[in-house]
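Undergrad: Sequence:
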Amino acid sequence: MPRNKKLWLLAGLVLLLLAATPFIGVVAIDLGSLLRQTPGSFIFWQLRLPRALLGFAAGGILALSGLVCQNLFKNNLATPDLLGISSGAAAGTVVALKFNIQLTFLGIGGLYISSFLGALSAIVFIFTVARWIRNSSVYTLLMSGVAINFFYSSIIVIFQYVFDFSDTFSLLRWLMGGIAVAGYKEVLFLLALLALFLILAFLFRSEFLLISAGDDFAMSRGLNAAVFRKYSFLALAVFVGAVVSICGPIGFVALVVPHVSRSWGAGRYRATVGFTFLLGGGLLVAADLLSRLLAPPVEIPVGIVTSLMGAPFFLALLVAQLKKVD
27 MPRNKKLWLL AGLVLLLLAA TPFIGVVAID LGSLLRQTPG SFIFWQLRLP
77 RALLGFAAGG ILALSGLVCQ NLFKNNLATP DLLGISSGAA AGTVVALKFN
127 IQLTFLGIGG LYISSFLGAL SAIVFIFTVA RWIRNSSVYT LLMSGVAINF
177 FYSSIIVIFQ YVFDFSDTFS LLRWLMGGIA VAGYKEVLFL LALLALFLIL
227 AFLFRSEFLL ISAGDDFAMS RGLNAAVFRK YSFLALAVFV GAVVSICGPI
277 GFVALVVPHV SRSWGAGRYR ATVGFTFLLG GGLLVAADLL SRLLAPPVEI
327 PVGIVTSLMG APFFLALLVA QLKKVD
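Position 66 of the sequence shown, counted from 1, bears residue number 92 in the working numbering, the numbering being contiguous throughout.
If you're looking for bench data, these hints aren't it; they were derived computationally from the structure. Quick reminder that beta carbons are idealized off the backbone N, C-alpha and C, glycines included. Check the hints yourself; a few may be wrong.
What the hints assert, rightly or not - Each computed DSBU-like pair below joins lysine-lysine, with the alpha-carbon atoms no more than 30 Å apart:
#, residue 1, residue 2
1, K124, K31
2, K100, K256
3, K32, K100
To be verified - Just the calculated beta-carbon pair ranges, DEER-fashion:
#, residue 1, residue 2, range
4, Y165, L229, 40 to 48 Å
5, A239, A321, 43 to 51 Å
6, L343, V164, 34 to 42 Å
7, P323, S232, 45 to 53 Å
Kindly generate the complete structure, drawing on both the sequences and the hints.
TA: Okay, structure coming up:
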C-alpha cells in the first residue's frame, strides 16, 4: 500500500478510536443523552473525551521526542527515558509536590515549571560532563544520560521514603503514569505543544536529516551539529517536561513508535513524522482504554500497560542490534 494511503488510513483509524473511546467504560453512555444534563453527559464531556484527547497529545509528543532522540544519536535505543530527561522531569515534579511549590509564570503552573527545570538540569549535567572530559561524541552524551537517569531515579526513591504514607501512595500512583483528567485546561496545553512540536519538526527538516547522517557530514554542509543538538535537547526539556508534569513518566512509547514509523515511512521524513505522532497518540489512547477495561472498576496505571506492551519489543530490538554487532 502507498505511504500516503497508509497515512490517511492511520489518521482515520485514530479519529475513529478517539470518537469511540469516550463511549466505552463501566458506565454506559447513551448517544442521545450527550446534549442533556445527565450523569452520562458529564462523564462523556468532562472526563472521557478530555482524557482521550490528552492521551493523544501526550502520546504524540512522547513519540516525536523518541524520534528526535534517535535521529540526534543515530541510535535506535535512544529515548528521553534512557537519556535521563524523563527521570529529571519526574524528579523536579516530585520536589515540587514535596515542598508544595506554587510558583507560576505567565499562567504556567509550578508543577510544569519544576518538571521543566528537572529535565533541563539533566541536560545541563550531560553537556557539563561532555565539556569536562572534552568529548562531545554521541557515545559520551548517551552514557552521561544513562548515568543521570540512575541518579534522578535514586532521588525519586529517597523522596518516597520521606513522604508520609498517603503521599507516598499518591506519588507511586503518579510515577506509574496516568492520563486521568477533568476538564480541558491540560488538554489544550498539550495539544498546543504537540502542534508546536510538529511545526518545529518540519521547519528544521533539513537540519534533522543532516545530523542523522552524522556530525561530520552535517558540518561539511555548514551545520554546527553540537549547537543544534543542544537546542534540540532544550526543546525536548520543554515538551517532555510538560507531559511528565501532567501524566507522570510513561515509558516505551518513545522507543517503540519511531521504529514502526520509520518502516512505514520508508525513509521519507514527512511521512515518518506523520506516522510517528499519529501512531504515538493512538497507541497511548488504546493503552489507556485497555487500562480501564482490564480490571473494572479498578484502573491499571497506563504506564504499566505501555511497559507490558513495550518490554518485549525492546528485548527483540536489543537482540537484533547485538546480532548486527556480532
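Undergrad: If a hint holds in the structure, say so; if it doesn't, say that too.
TA: Now for the hints, and whether the structure bears them out:
A distance of roughly 49 Å separates the Cα atoms of K124 and K31; the hinted pair therefore is violated under the 30 Å criterion. Our distance criterion of 30 Å between C-alpha atoms is met by K100 and K256, whose separation comes to about 15 Å. For the suggested pair K32 and K100, the alpha carbons sit about 26 Å apart, so the restraint of at most 30 Å is met. Distance hint check for Y165 and L229: the Cβ-Cβ separation is about 29 Å, which falls outside the suggested range of 40 to 48 Å.
The hinted range of 43 to 51 Å is satisfied by A239 and A321, whose Cβ atoms lie roughly 47 Å apart. At roughly 18 Å, the beta-carbon separation of L343 and V164 lies outside the given 34 to 42 Å, and the hint is violated. Between P323 and S232 the beta carbons are some 51 Å apart, a value that agrees with the proposed interval 45 to 53 Å.
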